[in-house]
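Modelling step: build the complete structure from the supplied sequences, incorporating the hints.
Chains A and B, in that order, are what the protein sequence lines are.
With the numbering used here applied, the first sequence corresponds to residues 35 to 146, in that order.
With the numbering used here applied, the second sequence corresponds to residues 25 to 138, in that order.
Hints listed in this document are in silico derivations from the structure and should not be mistaken for laboratory results.
Every residue, glycine too, gets a C-beta built ideally from N, C-alpha and C.
Among the hints, a few may not be true.
Claimed, not checked - Cross-link-like lysine-lysine pairs, in silico, PhoX-like; alpha carbons within 20 Å at most:
hint, chain 1, residue 1, chain 2, residue 2
1, B, Lys77, A, Lys133
2, B, Lys81, A, Lys133
3, B, Lys94, B, Lys81
4, B, Lys81, A, Lys37
5, A, Lys133, A, Lys37
6, A, Lys103, A, Lys37
7, A, Lys86, A, Lys103
8, A, Lys86, A, Lys37
9, B, Lys77, B, Lys94
Said to hold, decoys possible - Counterexamples of contact, computed for chain A against chain B with all Cβ distances above 10 Å:
hint, residue
10, Cys46
11, Ala47
12, Arg50
13, Ser59
14, Thr60
15, Ser62
16, Asn87
17, Ala94
18, Ile97
19, Lys103
20, Ala146
Unchecked claim - Away from chain A, derived, C-beta distances all over 12 Å, residues of chain B:
hint, residue
21, Pro32
22, Lys35
23, Arg46
24, Thr50
25, Gln109
26, Leu138
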Amino acid sequence: DAKTTQPTSMDCAEGRAANLPCNHSTISGNEYVYWYRQIHSQGPQYIIHGLKNNETNEMASLIITEDRKSSTLILPHATLRDTAVYYCIVRSSTSGTYKYIFGTGTRLKVLA
Amino acid sequence: DAGITQSPRHKVTETGTPVTLRCHQTENHRYMYWYRQDPGHGLRLIHYSYGVKDTDKGEVSDGYSVSRSKTEDFLLTLESATSSQTSVYFCATHRGLASYNEQFFGPGTRLTVL
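Right, dumping it as structure tokens:
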């Protein structure tokens with residue numbers, strides 16, 4: 035199963051874009067990249083996912099490099115409520131089963 | 025949130041006692057997962073299920089067993105609890121079928137083993 039590497043923590047000024055990097059150099063061709071976040075001790079919340087192409091939704095954008103070995107989650111206008119731990123996950127698929135392997139995540143602190 | 029509930033939400037028990045945590049979902053999702061979360065480790069997969077009576081081990085399955093006798097319930101059992109199993113346990117579900125479906129997480133169960 036592919037592993038992910040993320041910086042332990044990052045700060046971002048409120049209203050600015052937050053760019054959270056993730057390295058997944060061992061990703062294989064059919065594995066998706068997912069991003070989740072966890073606020074306080076709540077259950078993680080889905081943000082976005084992608085395979086090859088860049089993706090955008092109402093919460094964030096996901097940029098995946100052409101070789102798929104890394105990706106960046108972009109929160110375009112960070113707010114204080116975006117302070118959370120962000121997890122980059124590679125989802126493996128074997129024989130119709132899906133397994134998500136979480137890393138330790140990036141603790142993002144949005145500063146007023 | 026896919027109608028996921030976990031019970032109990034908090035439990036304190038003693039070393040050596042059996043403990044069962046329950047995850048219940050109302051969305052008829054095929055896949056269900058148990059994770060534990062500890063400081064410095066993020067979320068680690070314990071066991072998962074890809075259908076009724078179909079389960080498999082995750083990264084940290086030693087000391088845990090699971091059962092899924094019906095779609096909506098996924099039970100996690102600690103046969104003989106140890107202090108190292110003090111943790112927050114999260115259940116998650118996944119619809120499956122399509123590659124793009126995401127996981128939904130329950131509110132968590134905080135377990136303390138004395």
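Consistency of the hints with the structure:
1. Between Lys77 of chain B and Lys133 of chain A the alpha-carbon distance is near 17 Å, which keeps this suggested pair within the 20 Å criterion.
2. Between Lys81 of chain B and Lys133 of chain A, the direct Cα distance comes to roughly 10 Å. Compliance with the 20 Å bound is thereby established for this hinted pair.
3. Taking the CA atoms of Lys94 of chain B and Lys81 of chain B, the gap is about 19 Å. The hint holds against a cut of 20 Å.
4. In summary, the hint linking Lys81 of chain B to Lys37 of chain A is supported, as the alpha carbons are separated by about 17 Å, within the 20 Å threshold.
5. With a CA separation close to 12 Å, the supplied pair Lys133 of chain A and Lys37 of chain A stays within the 20 Å bound.
6. Distance hint between Lys103 of chain A and Lys37 of chain A is fulfilled; the C-alpha atoms sit about 11 Å from each other, no more than 20 Å.
7. As the CA atoms of Lys86 of chain A and Lys103 of chain A are separated by approximately 10 Å, the hinted pair is consistent with the 20 Å bound.
8. Taking the CA atoms of Lys86 of chain A and Lys37 of chain A, the gap is about 17 Å. The hint holds against a cut of 20 Å.
9. Straight-line distance between C-alpha atoms of Lys77 of chain B and Lys94 of chain B comes to about 8 Å, which keeps the hinted pair within the 20 Å bound.
10. The non-interface label for Cys46 of chain A is consistent with chain B: the shortest C-beta to C-beta separation is roughly 20 Å, beyond 10 Å.
11. Residue placement check: Ala47 of chain A keeps its beta carbon more than 10 Å from all beta carbons of chain B (closest about 26 Å).
12. With a closest Cβ-Cβ approach of about 26 Å to chain B, Arg50 of chain A is found to remain outside the 10 Å limit, as its non-interface label requires.
13. For Ser59 of chain A, the shortest C-beta to C-beta distance to chain B comes to about 19 Å, beyond the 10 Å cut-off, and the non-interface label holds.
14. Even its closest Cβ contact with chain B, about 16 Å, leaves Thr60 of chain A beyond 10 Å, as expected for a residue assigned away from the interface.
15. A cut-off of 10 Å between C-beta atoms confirms that Ser62 of chain A is not in contact with chain B; the least separation is 14 Å.
16. With a least CB separation of 12 Å from chain B, Asn87 of chain A remains clear of the 10 Å interface cut-off, as annotated.
17. Residue placement check: Ala94 of chain A keeps its beta carbon more than 10 Å from all beta carbons of chain B (closest about 13 Å).
18. At roughly 18 Å from the closest C-beta of chain B, the C-beta of Ile97 of chain A stays outside 10 Å, upholding its exclusion from the interface.
19. Listed as outside the interface, Lys103 of chain A is consistent with that label: its C-beta sits roughly 20 Å from the nearest C-beta of chain B, beyond the 10 Å cut-off.
20. With a cut of 10 Å on Cβ distances, Ala146 of chain A stays outside the contact zone with chain B, its closest approach being about 26 Å.
21. With a minimum CB-CB distance of about 16 Å to chain A, Pro32 of chain B clears the 12 Å threshold, and the non-interface call stands.
22. Separation of Lys35 of chain B from chain A is adequate, the least Cβ-Cβ distance of about 15 Å exceeding the 12 Å criterion.
23. Non-interface status of Arg46 of chain B relative to chain A is upheld: no Cβ of that chain comes within 12 Å, the nearest being about 15 Å off.
24. No Cβ of chain A comes within 12 Å of the Cβ of Thr50 of chain B; the nearest lies about 16 Å off, and the non-interface call holds.
25. Listed as a non-interface residue, Gln109 of chain B keeps its Cβ farther than 12 Å from every Cβ of chain A; the least gap is roughly 18 Å.
26. Every CB of chain A is more than 12 Å from the CB of Leu138 of chain B (nearest about 20 Å), matching its label as outside the interface.
In terms of the numbered hints stated before, the structure departs from none.
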